[in-house]
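K.L.:
Chain residues, written in single-letter form:
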Amino acid sequence: MDWFSYLVAGILVYVAVAVFLFGTAFRIYQWFRVTRSSVKLGLFPRPKSTLGRGFKLVKDSFFYPQVREVDAAMWIFVLLLHLGGIGAFVGHLRLFNEFTLIANALGDEGMAQFAMWTGGTVGIVLMVSVTYLILRRFKSPYKDLAIPEDYLLLILVLVILLLGNHLRFFGDIHVAEYREYIHSLLAFSPAFPEAIAESSTKWVLVSHVLTANLLFIYFPFSKLIHAVGTFAGNLIRSEV
Amino acid sequence: MDEKAQKTIAGVLDKRMNRQLLYYLDICTRCSICKDACHQYVTTGDVLYLPAYRAEIIRRVYKKYFTRSGKFYPALSEGSEVDEKLLDELYKTTYACTGCRRCMYYCPFSIDTTWFMAVAKAMLITAGRGSQILAELAGAAVIKGESIDLFKDIIIEMLKDTEKELQERVGNPKANIPIDKKGADLLYVALAGTHTILPAAVIFHQAKANWTLSMFEAANYGYFLGDVKQAVAIAKRIIDEARSLEVKEIVITECGHAYRVMQFLYEAWAKEKLPFKIRGIVELMAEYIKQGKINLTQDKIKEPLTYHDPCQVGRNAGFYEEPRYIINQVAADFREMTPNREKNWCCGGGGGLVAQPDLDDFRIKTGEIKVEQIKKTGARIVVSPCENCRLQLDSLNEKYNMGIQITSIMDLVANAITI
Ligand code: HEM
Ligand code: SF4
Ligand code: SF4
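Residue numbers (numbering that gives the first Met the number 0), protein chains in the order written: chain H, 0 to 239; chain D, 0 to 418.
One chain only, chain H, in its complex shape (with noise of 0.2 Å):
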């Protein structure tokens, strides 16, 4: 690895997976700090079962129905940002070890259809939903609204969506390499396979770890908060 690659692609990515971990739960401890009010801010009709509670926090916090009624097309790209992250965390996680199952049923051919497929539509998913929300941003109210912090966070995920999108459509890289590299990390001596240290799609994918390091970095001190406080939010919504 040269000292640039094994800086970002190498030590940042422990810096950021730390400061991920422990920031977000120096921020969830903050909000332990501080004294609950004891005012009860549910609204009606909320439901009377812890179970229906329950469920009313996951369908409330991954779903957020009401949103269709006043804003659909926000709701579908929301929805579609939202899902295609899960996917995409799902996705990544082939780096770490081949799906087995799926890869058995399907060859080696046929996996890297479906990866090709799958991965694809999402990345793709991704950067239109994105690019959606950056365009209404600059418009009326929501740009009265926005400040720095919300166009930064959209057009650092859009370059890292970009940049991932080039690996799978445009990169001479195959999942093999990527695997190598990924355990070099967890064996905590930071390496490129010769495929990768050769091959000038190397400072595709240094960029696209360098964004995603910073978007880790940025998260728990930014509104990405969100992915946690929502539990939070909507469990005062149907509190008794």
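Derived from the structure by calculation, the hints contain no laboratory data.
The reader is advised that the hints may include incorrect statements.
Taking lysine to any residue pairs in the SDA-like style, the calculated list, with each CA pair at most 25 Å apart, reads [said to hold, decoys possible]:
1) H/Lys47 - D/Leu273
2) D/Lys84 - D/Ala121
3) D/Lys63 - H/Phe218
4) D/Lys14 - H/Ser221
5) D/Lys270 - H/Val33
6) H/Lys58 - D/Asn339
7) D/Lys207 - D/Asn327
8) H/Lys222 - D/Glu77
9) D/Lys342 - H/Leu50
10) D/Lys63 - H/Pro219
11) D/Lys14 - H/Arg32
12) H/Lys39 - D/Leu273
13) D/Lys70 - H/Val16
14) D/Lys151 - D/Leu136
15) D/Lys247 - D/Gly291
16) H/Lys39 - D/Gly317
17) H/Lys39 - D/Lys14
18) H/Lys39 - H/Val57
A quick note: this is a predicted structure, and the numbers were derived from the prediction, not measured.
Got chain H sorted already, so can you dock chain D with the ligands onto it with the hints?
P.N.:
Same frame as chain H, but now just chain D with the ligands:
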């Protein structure tokens, strides 16, 4: 404004901080979904009334004075100083909010904008910029609590005529309106004037309830003002009265915010557990009808009639079915507004707006949606169990020439009751 004053005002945020507020400060994505929920934003198109923008003013102060991000990268998160301009904006947007919490219903994170507005009001009061008129009304109510003996005779005098009317209505010269009656089962809290006393007295008389009338009005201007101390003092007058009369429950008249204060806020604010139940009169009337304690004429109202769910009775207290049950007992042509129940639009009069003359035009303008909703039903009568809603509906009726009649549920019941 000097730095010390700024710090004092911003410090209110720290003093009033609680976990719910901190969640809300941290998680809003500024997605603006709430914009379409707020009747004030929808009818004015002014970003100042966009719920998340109202909260954002407080969030900027929070970032500026209390977060590291505000210190390390202020340009990104846009913290802002407490200055005259900020306080002006805050005043306009805060005292305009009706507290309907429709924005909370639609927010994907269920952020309660009114929770920000409560802190905003506390900051404004600290800055000496609380609503003047609401402060005067609240002050008067507190004084009445402190010197009730002076008022008692006036109240008894005022009730004499009402008592005569009651006796005529129920055809019983012994029918009375008890006040200060020890050992009554329920303490009924009415509004200023007698329009919420007479129908209740008719209903209680027919149901043979062991009741007594509170010497205080239900309305709580301290709550609208945003001054927790005063709000508690105003509510406490009634709580103390109930304690000394040893009643089993307090029954609040058709007044949304008064019920909210008593049922959902008082115990948390005053840090005391109440030894009696709090109920709304609508709930009680539905019970009387179901139990056959009062009987209603079968000669139902034929004119088309619709029901406006007051935010503090529906979305914020959960009484959707009781009012509808009663209405269906007395009206033949009941028509729902769309949307209704938890999605119902605010009429535009809550939050103490009807008591603030400088907001009159704004209130009429932002009532547009309600006017359209009512027109679409074709109803000639609009029923609503909240005084603020009824006052607003009266104004809308007049300004938009709607030619409708506005009534309370109590009046419907008292008029339909068979003697
Ligand atoms: C589970 C409940 C969640 C809900 C209800 C939710 C809701 C939202 C909403 C309403 C937006 C606003 C989009 C905009 O106006 O720009 C948003 C943006 C976003 N969310 Fe979530 N989210 C959730 C979880 C997550 C999770 C788990 C992640 C990632 C780890 C995440 C990452 C993002 C990103 C990257 C954006 C776009 C950037 C931005 O607008 O700032 N969200 N989310
Ligand atoms: S809907 Fe909720 S998260 Fe979205 S801008 Fe409004 S308050 Fe913020
Ligand atoms: S509580 Fe009602 S009036 Fe206030 S901001 Fe929310 S929707 Fe608007």
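K.L.:
Could you work out which earlier hints the structure fails to respect and list their numbers in ascending sequence?
P.N.:
none
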